[in-house]
Amino acid sequence: MEKIAMLGGGSWATALTKILSENGARVDWWLRAKDDVQHLLRTRHNPRYLSAVQFDLNRVYPTTDLEDAIEEADWLVLAVPAAFVQPVLDKLDRDSLKHKRVVSAIKGMIPGKNQLVTDYVAERFRLGRHQLGVIAGPCHAEEVALEKQSYLTIGSPDAGLALEFCELLRNRFVSAHPAADLDGIEYCAVMKNIIALTGGIAHGLGYGDNFLAVLVSNAVQEIRRFLQAINPQPRDLSASAYLGDLLVTAYSQFSRNRTFGSMVGRGYTVKSAQLEMNMIAEGYYAVKSIHELNKKLKVNMPITEAAFNVLYERISPAVEMEILKEKLR
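Letter 63 of the sequence shown, counting from 1, is numbered 259 in this note's numbering, and no numbers are missing.
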C-alpha cells in the first residue's frame, strides 16, 4: 500500500484524496482546521468542499498534525493555496522530506519570492529534481467528484516518478500520462489562471465569446513567448497539459479565476470579490509574480499587463480592456 500525505482541505485536495484512497492508497490528510477534521471523522465528508464525497476512514486519516501526516509517507502531495505553502512548510525540519517524493497540485507561485512551488520545495528541503512532480491538465475538482471523464498529466524530469504517480491516479474516469517538462507545465498552469481572470474581467464588462476566443488564442502566443524566455526548450503547447488546462479555466463555470475576474469587471473591488467568493483565485497572486519576473525578461505580455494594471494599479477595468482590445489580433 502506497502511503501518501495530502496537504490541504480544499476542493482539489478533496478530489485527489477521493481518487487516491479509492485506488487503494493510504492517505494521511492534513487539514488546518480542527473542526473540519472532527467533522470528517464523524461523518466521513469534508464539510466545506465537495461535501457529497464520502471517504473510507480505513484508508483516509484526517489530522491537524503536520509532522504526523508526513512521517511515514512515501509521497507528499501539496494542495494548499500557493500563498500558504511557505507558512505551512516552513514549520517542518529541513531534512523531513529527505527521502520523499513531492508532487505539487498547486497552480500558483510563492508570493513575494516569485518562485514556482517545486523550486521553493527543492530549495527549502534540499531535494533533487528527480524527487519532484506536478499535477496538471484540464481537471476541475467538481467534475472529478462527479466522476466525469478527466485527463491529468504528471510532469517530472524523472520518468519513473511520473509513471508511478500516474498509476496511483488512473481509474475508470481518470486518465493520467507522464511528461518531462516540469517547469513549462508548472509555469503554464500559473499563467492560464491569469488569462482566465482577464477573460472574466472582459465577461463582467459585457464582452462576448468572440472576444474571449481571440483573447485565448493570443494568450497561447503570450505563454509561448514567456516560456521560451524563462525556460527555453521544445514543447507542444497544443497538448492537454498546456492548451487543455487553459481552455477549461478560461471557459468553465467552475473556474474560480474566471468568476473572480467577472466580479471585478462588474465593479467589485478585489477585497470584496475575495470575501464573497470565500475561495482563493490563484491568478490574483500569479499576476504580480509573473509581472515581476517579466521586468527582467521584457517579454511582450499585453494580457498579463492588463490584468496587473486592473488588480494592482487600480486602473478602470473598462479603460484597460479598451486598451487591450487594440493589442489583440
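To be clear, the hints were calculated from the coordinates, so they are not data collected in a lab. You may find that some hints are simply not true.
Claimed, not checked - With a straight-line Cα cutoff of 25 Å, these simulated BS3-like cross-link-like pairs (lysine-lysine) come out:
# : residue 1 : residue 2
1 : Lys-199   : Lys-287
2 : Lys-484   : Lys-523
3 : Lys-199   : Lys-230
4 : Lys-309   : Lys-294
5 : Lys-494   : Lys-521
Worksheet item: Among the hints numbered above, which are violated by the structure, and what are their numbers in rising order?
Response: Result: no hint breaks.
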